[in-house]
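Participant: Starting from the given sequences, assemble the full structure and let the hints guide the process.
Protein sequence lines correspond, in order, to chains S and D.
Each residue of the first sequence is one higher than the one before, starting from 1 at the first, in the working numbering.
Each residue of the second sequence is one higher than the one before, starting from 1001 at the first, in the working numbering.
I should point out that these hints are in silico values taken from the structure, not numbers from a laboratory.
One or more of the hints may lead you astray.
Claimed, not checked - A few chain S residues that face chain D, going by a derived Cβ cut-off under 10 Å, partial list only: (1) Met1; (2) Phe22; (3) Glu27; (4) Asp30; (5) Tyr31; (6) Gln51; (7) Gly64; (8) Asn73; (9) Thr244; (10) Thr263; (11) Ala264; (12) Phe266; (13) Lys268; (14) Pro269; (15) Asp270; (16) Ile288.
Using N, Cα and C, we set each Cβ at its ideal position, and we do this for glycine too.
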Amino acid sequence: MTSVNICGVELKNPVIAASGTFGFGGEFSDYFDVSRLGGISSKGLTLAPKQGNDGVRMHEVRSGMMNSVGLQNPGVEAFIKDELPQMEKMNTAVIANLGGSTIEDYVRAAVMLDKSSIDILELNISCPNVKEGGMAFGIKSCVAYEIVGEVRKATSKPLMVKLSPNAEDICDMAINCCKAGADAISLVNTFKGIAIDIKSRKPVFENISAGVSGPAIKPMALRMVYEVCGCVDVPVVGMGGISTYEDAIEFIMAGSHAIQVGTANFIKPDICVDIIEGIEAFMAREGIKSLEEIRGIIK
Amino acid sequence: MKSKYVEAAVYKNEQISDCVFRLSVKGSFDVKPGQFFMLRAWGQEPLLSRPISVHDVDDEKITFLYHVVGRGTQIFSKLREGDDISLLGPLGNGFELDMLKGKVALVGGGIGVAPLNYLYKKLSMNEGVEVSFHAGYRSQPFGLECIQGSCSLLNIATEDACVGEKGYIIDYFEPKLYDIVVCCGPEIMMSKLIKKCEAAGVPILVSMEKKMACGIGACLVCTCKTKDGNKRSCADGPVFLGSELILND
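Facilitator: Structural data, given as structure tokens:
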């Protein structure tokens, strides 16, 4: 009833745990059966291991939070060796989220992941917390076109490109990524924001800006997902502040094939199950047989 | 001691000092000293749960000591008997009691005495362990329920000299007298005490306090620097060997 197909990969339901909020899945398996999920997007990976950013990494704001983790991760090689085997056993789609700071690094990492058992490669061209590359790739469509094209040549895996809400023109960005070979689009990553400690009269974060996530960003994320769904033909995976099944249904009605749940995983470890069950109950109540019936229903 | 997410009811919530409250929650919990829980007593706002260390456990309840500093702890301070509260835990590694043998000094600063109370209770049941307690406060002492009257040595220092010595407790503390030291308090205090213990050649364990989002090791926002790279305060800690940490002065 709730299964969806994302670039040739069958997900048992449309709920994916978002990158950076779910580790590699193991941390959550104490709290619920993670095989219930449609998929898991890994912690953002880079070619080489990365220690991430110094200083304060998290600041809570009204209805949201800001983070400046800076892609701390063990690197692609260690991911394939140490984390992927246990992710494979979780009986859910494995999505490898790949970040970086140079096109060469993205391509080399994509080649390594191409030989692995991952189901989908999610290209993160939108991390606001990486000084070099990262965000720059996610703002200018011409740069995004180039990097997606190079990665496309390096892998035959289904390629999903994760967009930044900070892109100059989100539709132009999505169209260019598809032209360069993206099989699916996911959006949005965190919004770039700043916070100031008024007592010390200094920015909270060492990088000054950080990524805003959580319920506070949902209306803007939903608008962007709606617009992108109207301008590309590939499946769109929507995210941004989803913390209830109602939020998820809104994204599907805006055109999303699937949705990702991020910050809400911190509120309640099994919140994805609540959302899955909420979607199923809503469909039963409303007599909806397939998500196709409501996908993109708002015009 | 598997961690769980449970809904429970408040047993008692009382103010015990300026901005410091003691909150007990009904239920049976298997907890190691030094572990913590992510607590929330609200819907979606504030967004995140609050990490609070375990102050005491008995057969019918678990007790937390918390300092009211922001929106979350303000909501906690208004809780009454029977109110709902969610607990995720126990989380973190906690103190390895096997490491704590011989003459053990527990050194707490302010709300940092909270986990040391439960540690003291457990240690005092072990033979071959001689525990002394050293606590520093800005003003009136609190959180010494298990310790007062039973500890062979209790030293207190207060910045306003209302009780005990005047000033900082670590200025009155001599590590050489002990086999091992345990500390929980402000980072600057722990950093200074680690140096003092290193100079004396005495091992020290510290419990780190960091802002957390998930509490279970997934989000990587509570990392602290160690000689072995970044480690997660929630899942790799909060208890670390002082010798492995790299702290700011």
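Participant: Taking the closest Cβ pair, is S:Tyr31 under 10 Å from chain D?
Facilitator: holds (6 Å)
Participant: Taking the closest Cβ pair, is S:Lys268 under 10 Å from chain D?
Facilitator: holds (7 Å)
Participant: Double-check S:Ala264 for me: the hint is only fine if its C-beta lies closer than 10 Å to a C-beta in chain D.
Facilitator: Cβ of S:Ala264 sits 9 Å from chain D, so the hint holds.
Participant: Any CB of chain D closer than 10 Å to the CB of S:Asp270?
Facilitator: Result: holds, 7 Å to nearest chain D Cβ.
Participant: Does the nearest C-beta of chain D fall within a distance shorter than 10 Å of the C-beta of S:Pro269?
Facilitator: With Cβ-Cβ at 6 Å, under 10 Å, it holds.
Participant: If you take the shortest Cβ to Cβ gap from S:Asn73 to chain D, is it below 10 Å?
Facilitator: Since the shortest Cβ distance to chain D is 9 Å, the answer is holds.
Participant: Let's test the interface hint: is any C-beta of chain D closer than 10 Å to that of S:Thr263?
Facilitator: holds (7 Å)
Participant: Can we keep the S:Phe22 interface hint, with Cβ of chain D closer than 10 Å?
Facilitator: holds (6 Å)
Participant: For the hint on S:Thr244, does the least C-beta distance to chain D fall short of 10 Å?
Facilitator: Since the shortest Cβ distance to chain D is 9 Å, the answer is holds.
Participant: Against chain D, run the beta carbon of S:Glu27 and see if the smallest gap drops under 10 Å.
Facilitator: Since the shortest Cβ distance to chain D is 4 Å, the answer is holds.
Participant: Under 10 Å, Cβ to Cβ, is where S:Phe266 needs to be relative to chain D, so tell me if that hint holds or is violated.
Facilitator: Check passed: Cβ of S:Phe266 comes within 4 Å of chain D, closer than 10 Å.
Participant: A closest beta-carbon separation below 10 Å is what the hint needs, so does S:Gln51 meet it against chain D?
Facilitator: Since the shortest Cβ distance to chain D is 5 Å, the answer is holds.
Consistency note: the structure conflicts with the earlier hints numbered 1, 16.
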